[in-house]
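A.B. asks: Protein chains in written order, with numbering that gives the first Met the number 0: chain A, 0 to 915; chain B, 0 to 151; chain C, 0 to 139.
No lab work stands behind these hints, which were simulated from the structure alone.
Wrong hints could be hidden among the right ones.
To be verified - The list that follows gives simulated cross-link-like pairs (lysine-lysine, DSS-like), each with its CA atoms no further than 30 Å apart: (1) A:K826 / C:K119; (2) A:K74 / B:K79; (3) A:K377 / B:K50; (4) A:K826 / C:K103; (5) B:K79 / C:K119; (6) B:K99 / C:K119; (7) A:K328 / C:K119; (8) B:K79 / A:K564; (9) A:K564 / C:K103; (10) B:K50 / C:K103.
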Amino acid sequence: MPKPLVYTFIAVICILVMAACSTTKQSANTSAQATVAPSAPTTVSSSWQTQMEAERAATIAALIKDARRYISQNKYPEALATIDQITAVDPTNNYATGVRPLIEERALTQEQRVYRQQYQRNLSKQLNRGQEQQIPHDSIYRYPTNWPAISDDRDRLFMEEQSVGEADHATRIALGKKQPLVRFNGTALDEVIELLRDTSGVQIIPDWEQIERAGIGRKAAIQTRLRDVTLAGVLDEVLRQVSTDPKNPLTYTVDEGVVTITTVADAKNTKRNRLVTRAGEELWIIGRVAAGETQPGDDSPGSGQLAVKELKDGKEQLIPVPLKHTDVKASIAAYISSTTVRQQFYNPYAEKIEAVYVFPLPENAAINEFIMAVGQRKIRGIIREREEAKQLYQEARAQGHVASLLTQERPNVFTQSVANIEPSKQIDIEITYYHTLAYADGWYEWAFPMVVGPRYNPAGSTQGVGAAPRGGKPGITGQATEVQYLKPGERSGHDIGLSVEVNCPAGLEEIRCASHQVNIERPSAGRAIVSIAPSDTLPNKDFVLRYRVAGGQIKSGMLVHRDQKGSYFNLMVYPPMDLRPQDRIPLEMVFLLDVSGSMSGDPINQCKAAMRCALSHMDPHDTFQVITFSGNNRALFDRAQPVTKEATDRAMHFVEDTNAGRGTEMMPAILAALTAPQDEEHKRVVVFLTDGFVGNEDDILRAVHDRLGPARIFSFGVGSSPNRYLMDGLARIGRGAVAYLGLRDSGEDVMRLYFDRVAAPAMTDIAFDFGENMKPSELYPAKKSDLFVGRPIIVAGCFSGELPRQVQVHGRIGGRAVTISVPVDTKCTTNPALAAIWARQKITDLSDEMFMTPNRAQELVLLVKQTALDHGLMSQYTAFIAVDSSQRTVGDHGISVAVPVVMPEGVKYETTVPEK
Amino acid sequence: MFRLLLACFLLFPLWSLAAEAPATQTVRFETVNVYIDSGDHPLAAWQVELKATQGDVKIVGVEGGDHRDLYRDPPYYDPKALTAGRIILASYTTADTAPKGKTLVARVHLRVFGDFRLSITPMAAAGPTGQSIPTTASTANAPTTSTPKDKE
Amino acid sequence: MNQTRRRKAYMAMAPINDDNLPEGLRADLHRLTPSLPAGIAHRERDLLAQAHSALNQPRGRRTGWRWLAAGAAVAAMLLVAVTASRSGGNPAATPPAPVAVAPKPTIIDAMIAARRPGVKQPDIDQIAMAAVSIDSPEVH
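Construct the entire structure; sequences and hints are all you get.
C.D. replies: See the structure below:
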């Protein structure tokens, strides 16, 4: 084909393409407004369709380009997100289909590598720290390797501060040199001084004026014989012999390299000693505090007189905060509770703000509903993957939309963020969750935590929960989650209303609340409505409600739920009254007592009372050990000792003399308790008394799992707001049990009941028989724990097939096999909460399994995420997001205001919140 | 010279394609109103299926409608449906005086990227006595206001 | 093993002619595969095979005969199955009795339940959630 013809043909094609491009450009400018198809399908013109296709192709080309760029930069998550966008636009795109598996593989490998490195790093750090802490008084013996250089520097600095020049230094060295033999037989003082001057080379100058004024002549006789004495010693002896006034003897001073002999009074007048400390050194001043200045029972370090900040008129300072009120409404049926928490955020400032509130919820709560109320409008939030939800929230916040985000930091700690709250506007957040009640020794317990206690985070950790003073700069603690605390004397105005309705068809025998003042209404024998009294609405302690069912004994049973999505059951097995603990084997009781700063005051007193009871209740065949821990740990004995009066008396004194203070290095204490050499004849039981205020719970639970062996852990949560996630986790992974000791509970009663019931399990080797027709699956907890007298075990699972009339629970008591029959309620198959509770239990189990099999972490994370998304639940990897897209507030997103909280009751601000 | 002109012709379309940045290629938040038109029949229960047929669409909130207190609460939806680009919304009222005509029954809050299209299909609708009634469902993009307004 | 030799090794392992791959995909495949851990070499082979098969899906007139052959095979199997069932060839292969599947409710069922006295809200919620579920099958 001739060349001109070719060129003409190509030019025509280009013109056509240009025309197509310009048309596309015009249509893009006019279609800026989003369009939504009406209900009936619409027909479109072919030219419009061509335009859309071209635009679509351009979008895909741009996205492919972005994806390739991310791949070249090894940013695989971003590349995958771009591939998702391509797939959304064109599900059959060849490039996206082909390259996706490879990118997923690379992203997985990258994430595994990072996780493994971090895990190894943290584990090594903890292990090293544990080893170091096991050395008693190690801080004293730990010399740095470059100590000679440090000593030289120290000497030089000391001399500079003491104005000691090199000459003085040389003179002092000379004065320190030993003289082989010094003999004076009646020699005159002036001759002695001259002889010493000549032999030592030190400039020794007597101040004859002062010496003679003191009544000492130049010819005073010296009679002495000294061998191997330093020159300074010789001078001292000589001057001592000639001194006549004991109140003003002769002495010598060193100045500018010259040793001047004069009287003491003259030496003081010329130069005074001063006490100098250098930066970084500690100066210990030990003195006795005058009687009456200390607070009774206050043994926190540095105390002697607490300064309470008050305003001039003596009233508490009221601090405006963005959280006005929290309202809690709960309804209990059987042993399942449904609770709705409504948080009222209000902007008291003159500018738009974002409110950030860190708060607790029960650690086994299945949170499945989230509603944001803007005025009268209610917007239901959506559960999404955590990172995706955070990104959506940030985008909405940046564009001025009112948005809320709920994320989980721990199973019992959550962060609520509400963006773009305009001045004087209120945004309400409603959170609904299900959870099962705890049961022990005849009492059901419904607990609602109100405040996150100040946590201690080991050095080097960044994923903990930091405690900061109110108004502190965000990120001041260096931790991923931060809680600001009001100082003593400050009050926020945030109060709480709480109402619980208990429904018990069998009848309620007794109902009580030890933590708060409450009003109780009894509309019927099986119903009670409990509400907090208006005088006790300060949210600074857990609300704990306990009740007993009429008849004195609950019965085992199984609840069932069936719907289109699936069938779930919840089986509770309670040991019958006629079961008694098997013969008690000798135990090695290891008492781990938390004496950190957060325990000072009432909590440590509670622990001491419990310990007094424990020490007097041990069996003579037992052995025991007591370990206290705070910044480091102290063991009473080198190894566990038999229970003798002498040993228990010593332990009693050890406990009574303990004072609380400093940090909470829990890991070394756990390691010390579990890794000590074990006696084969005794079964080790670790009794842990703590408030659990640490930020490295996962590390501790992992360490417990790795080192538990045949031991058992029984945890006591002490205080008004203990860390129930850690306490329950220690009991669960430690295959023991948990009890809580509030400030108003009797430590002795709790410990006595504990010893009587849980010292030995009632039933072991538990297995379930669901019959032939019922096919159970996915039972959680997967590992069956022992059955203790007074405490049931609860198992959740899915099933298919027909329900049996009874479920058989097989086990062993002592050496004999026993079976418990559990009736099944086949009539009532509608309990929608069971699906959420099962899913929550599954998430807990999968999270525990991450400790056991860290190499499966990625797979388990995906399982947790999928379970949470399928059931619409909060988890560590999912979050609730709600955005009001219909309104956009003016201005930028405003400042972020953290909601400060009050310190938990009984916890001292001074010993737990570092001031910076 | 002719080759130079030819090169310019060849390059110009590519340049114009690259220079075009469609105005809708930005992340933004939109609200879509869901309407049910029941004609002369009172609407006591409704169920629709909403699908994203085009574009990057993520649901960030589900809100009730606008008719007094009857459809004020957020409708039911399946959380599992949100990740599949498809959602079924439904709600009901037990009031005898159910609304007639075209009723705003729900609002869906979206985060979108680029142009997007939604399709809506009515699945079920009934009057107060439970009898099925014919309805048509439609959606409309609600304008985003910049000044806060309180709902009545 | 350097990148070139590794690439050649992969090419030797996988029976794929990557010249047929689109340029962008080929470049990314080569960039991604060489530095994957050796322990999953067999996985790489599978992935390359998957990518290749995904790209070499039958298109239009070039691959239509594959669909035709597959359809013919399925039809043949169905014919054999129907013939065998009619002639009673295998008395053991009796088709199972259909299992009754509860019809999926609609929101109307939830509303009716809500208007009935004594029905608890959780039950109503359950019906409504079943109505909006995308998993449960539709039965007409």
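A.B. asks: If a hint holds in the structure, say so; if it doesn't, say that too.
C.D. replies: Each hint tested on the structure:
A C-alpha spacing of about 15 Å is found between K826 of chain A and K119 of chain C, which places the hinted pair at or below 30 Å, so the restraint holds. Distance check on the hinted pair: K74 of chain A and K79 of chain B sit about 29 Å apart at the alpha-carbon level, within 30 Å; holds. For the proposed pair K377 of chain A and K50 of chain B, the alpha carbon gap of about 23 Å is at most 30 Å, so the pair holds. The hinted pair formed by K826 of chain A and K103 of chain C meets the criterion: a straight-line CA distance of about 21 Å does not exceed 30 Å.
For the hint pairing K79 of chain B with K119 of chain C, the CA-to-CA distance comes to about 25 Å; that is within 30 Å, so the pair holds. A C-alpha spacing of about 28 Å is found between K99 of chain B and K119 of chain C, which places the hinted pair at or below 30 Å, so the restraint holds. Distance check on the hinted pair: K328 of chain A and K119 of chain C sit about 18 Å apart at the alpha-carbon level, within 30 Å; holds. Simply put, K79 of chain B and K564 of chain A have alpha-carbon atoms about 11 Å apart, close enough for the 30 Å limit, and the pair holds.
The hinted pair formed by K564 of chain A and K103 of chain C meets the criterion: a straight-line CA distance of about 11 Å does not exceed 30 Å. Under the criterion of a C-alpha separation no larger than 30 Å, the hint pairing K50 of chain B with K103 of chain C is consistent with the structure, at around 20 Å.
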